[in-house]
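Assemble the complex: chain A is given as a structure, and chain B must be docked to it using the hints.
Taken in sequence, the protein lines are chains A and B. Take 1 as the starting number for the first sequence in my numbering and just add one per residue. Take 600 as the starting number for the second sequence in my numbering and just add one per residue.
Some clues are possibly wrong.
Sample of chain B residues with no beta-carbon within 10 Å of chain A, all distances over it, derived [to be verified]:
#	residue
1	Ile604
2	Ile610
3	Cys612
4	Asp627
5	Lys631
6	Cys654
Heads up, simulated PhoX-like pairs for lysine-lysine below, C-alpha to C-alpha not over 20 Å straight-line [what the hints assert, rightly or not]:
#	chain 1	residue 1	chain 2	residue 2
7	A	Lys303	A	Lys66
8	A	Lys368	B	Lys669
9	B	Lys664	A	Lys371
10	B	Lys664	A	Lys375
11	A	Lys76	A	Lys86
12	A	Lys86	A	Lys559
13	A	Lys556	A	Lys86
14	B	Lys613	B	Lys603
15	A	Lys75	A	Lys309
16	A	Lys157	A	Lys108
17	B	Lys669	A	Lys375
18	A	Lys302	A	Lys71
19	A	Lys556	A	Lys537
20	A	Lys371	B	Lys669
Hints in this document: simulated from the structure, not taken from any laboratory. In this text, a Cβ means the ideal position worked out from N, Cα and C, and glycines have one as well.
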Amino acid sequence: MSYEVERLTADVLVIGGGLAGCTAALQAREEGASVILLEAGNTFRSGNAGSGLDHIFSYVPEVHEKVGYTKDDMKKDMVMFSLLEKGFGYPKLGHLFVDTSYERVYKKLSAIGVGFDAKNRHLVNGIRLVPQWQSVPTSYNYEGRDVKVCLTNAMLKAGVEIVNRAEAVRILRSKDGKCAGAIALSTREDKLIVVTAKATVLATNGGADRLTESGVTTNRNFKHPSATTSGAGIALPIRAGADVVNLELAIKNGGMTFNGFQFTVGTPGGSWWPAGRLVDDDGNVIVERSKEYDLDEPDYVKKNQADYKKYYEQKAKASKLLQQGVQLYMDLSEATDEEIEQITFALRNEGMMGLWLDNLEHEGLTLKEIKVPLKYEERVIIGGSDAGVFVDEHLETTLPNLYAAGDVTGAIGNGFAPGAVVYGFESGLQAGTRVKEIAELPVWEEAQLEEVKRQAESIRAEADGYTWADVEREIRSIVGQFARFPLTDGKIESALKLLHKIREKHHLQAEDPYDLSKAFEVLFLLDSAEALFEAAKYREESIFGFRRVHNGEEKKADKKEIYGVHFDEAGKLVHTVHENGFPDDYTPECAFTNPGARF
Amino acid sequence: MSHKIDKSKCINCKLCYERCPECVYELDEEGKVYVKRPEACWLCGACRFDCPKNCIEIIYDASAKPVILKNE
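The following block holds chain B by itself, in its conformation from the complex:
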């Protein structure tokens, strides 16, 4: 799983850290949110849509994404 926080937009409100049903996000020594356990993510997507600055992106790993074809 590839989690990306766009640091240029993030205001460190910690909502993702507070609401994640697992503990994907942690706070570093300066109290800033970072992605500590991406492997614990079960793709609920809540951090992404609750983020007030819309700065979280979660893209499936190539090895883990579902197979979907185009109907041609």
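If we strip away everything but chain A, and leave its shape as in the complex, we get:
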């Protein structure tokens, strides 16, 4: 079998057509650049927001100025994300978020037809605010089901060249050591698509959470996270020589799950708020439903802060009870009819939850009468927004002319939808500005294309190999077995030995182009798993919840250093150290911190 090669060129290439990729493409186009976007699915319905998300947040001047919550207050609260609360990461990008979020999330999405007119009492310009994360409500429910449809139509109108069913499998390096574009596989034809570009935005998911059974399981049969988690977000940059940081800190052990989801800070929040609560078998309320205050209520900010603090404490207690074997349930029995109507509206706009509602109906149940059991699982979880490709304050990675935005980025705490929008626009602005200074398209060695072509053809020719699903399961078993705290030298060596064996002995097969794209994803997962354990090997001391025994001894790190990994030009994995954006003696200035946080 011989693979056909299609060659394209553009000023800016965007890899991945989720929220970050689409917003990056729109902004780069606005800067006057020609833009090609590669998407493994179809931008109309791909990415984490593919079938919608019901809440998103920003600073909202009309509301926040009224209650005395300033942008500076929100900047302090932004450290609630990821490891920033521990003084680990880069606060500058959080500030950029606060300063530009209203313009970029609310105004820009409104302008392309996304509806924000939800029916509710907290209406200011039609925004229904729901409490989440910050010390006053900053999230709003909106008609987010078709956000990707709106973004796709806007891109088509703006002249972005969208190449669907094209999964990027390699970032090209120019002869002078810069990013030169990417190679993609068609998922429907035996064809490679090669894009040479002056600047590239990487906006495809980090993928670390596919290294074990997913914490946010969307495919219930395979315990698979969404299709958006291809692993490319780690493998592509490290192979191209761009640093990926904090990989070892993506390792977590144990967590609460709820309705098949990892129990995150917003649950029961987000869609369920304000009426969801947690009760035990005897009907004792462990986590209370939330209160909503009128914007004119005196001490609005203080009252919200006191309630959030209580919520986080109750949630930490719930986690402890579940670990002790106490059964807890989420119910909506305190919800009013109006709230049930709002929750239904929210769930209909929140991706797979619409299907969940259909299935509830199929079972003959109504929201008001459900009781959803929670559980605590001891298993290894790989995920969170700590790990990802390193970006500077202009969202440029350590490989010149390669930018990144969305869940793929690390160390800046931006694994959240509005972050994908805000940093997506910013990366498009930066890349679109950069290409104005570059006269010629980059030149790259053909050997990079030959290697991918050979690999694709050999997997398609393999008659008696392993399927991608088999190899993925094997990688997960290894990670689930050995990524347990405390990480020891022995566990890390065992894991690496077994992963190397998979690479040497397991020849993948693929029956069709789709299967081949999955086989490449599994190779990305193998790269990611190896890099994860290599990163863990390098961090020899315990820090936050990451526990490490080195030479038989556990030491606590006294310096907060950020570590990265990438492959050098000789194909050797190298370690790097990045200066932390916070002082070592940092204490958070936000109104409260989350005692239930795993790290």
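Then chain B, alone, in the frame of chain A:
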């Protein structure tokens, strides 16, 4: 996962085949849409609500559906 296309309503517009973020749907030799890879579905539900004829049903398998009780 149980995917059902109501063939009596389907007009073979191929929207589900075009928009599915994975490749759950494929075209047969006559160019008609069928469910080829139900196991690849991650339940986004887009094919169902984008279908102009409302003819797709996706019901959780008994072995894979979330546990939900009735509050009594």
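Structure-based check of each hint:
Annotated as non-interface, Ile604(B) keeps its C-beta farther than 10 Å from every C-beta of chain A; the closest such distance is 16 Å. At roughly 19 Å from the closest C-beta of chain A, the C-beta of Ile610(B) stays outside 10 Å, upholding its exclusion from the interface. At the 10 Å boundary, the C-beta of Cys612(B) stays outside the reach of chain A, the nearest C-beta of that chain being 14 Å off. At the 10 Å boundary, the C-beta of Asp627(B) stays outside the reach of chain A, the nearest C-beta of that chain being 14 Å off.
The non-interface label for Lys631(B) is consistent with chain A: the shortest C-beta to C-beta separation is roughly 16 Å, beyond 10 Å. Chain A leaves Cys654(B) outside its interface by the beta-carbon criterion, the shortest separation being 14 Å against a cut-off of 10 Å. A C-alpha spacing of about 15 Å is found between Lys303(A) and Lys66(A), which places the hinted pair at or below 20 Å, so the restraint holds. With a C-alpha separation of about 9 Å, the suggested pairing of Lys368(A) with Lys669(B) holds against the 20 Å cut-off.
Of the pairs offered as hints, the one joining Lys664(B) and Lys371(A) holds, with about 15 Å between alpha carbons and a cut-off of 20 Å not exceeded. For a cut-off of 20 Å, the pair hint linking Lys664(B) to Lys375(A) stands: about 15 Å separates their Cα positions. For the suggested pair Lys76(A) and Lys86(A), the alpha carbons sit about 13 Å apart, so the restraint of at most 20 Å is met. Distance restraint check for Lys86(A) and Lys559(A): the Cα-Cα separation of roughly 12 Å lies within the 20 Å cut-off, and the hinted pair is therefore satisfied.
Taken as a hint, the Lys556(A) and Lys86(A) pair is honoured in the structure, with Cα atoms around 15 Å apart against an allowance of 20 Å. Between Lys613(B) and Lys603(B), the direct Cα distance comes to roughly 15 Å. Compliance with the 20 Å bound is thereby established for this hinted pair. A distance of roughly 18 Å separates the Cα atoms of Lys75(A) and Lys309(A); the hinted pair therefore holds under the 20 Å criterion. With a CA separation close to 15 Å, the supplied pair Lys157(A) and Lys108(A) stays within the 20 Å bound.
Taking the CA atoms of Lys669(B) and Lys375(A), the gap is about 17 Å. The hint holds against a cut of 20 Å. For the proposed pair Lys302(A) and Lys71(A), the alpha carbon gap of about 16 Å is at most 20 Å, so the pair holds. Taking the CA atoms of Lys556(A) and Lys537(A), the gap is near 15 Å; set against the 20 Å cutoff, the hint holds. Simply put, Lys371(A) and Lys669(B) have alpha-carbon atoms about 6 Å apart, close enough for the 20 Å limit, and the pair holds.
Going through the hint list in order, the structure satisfies each hint without exception.
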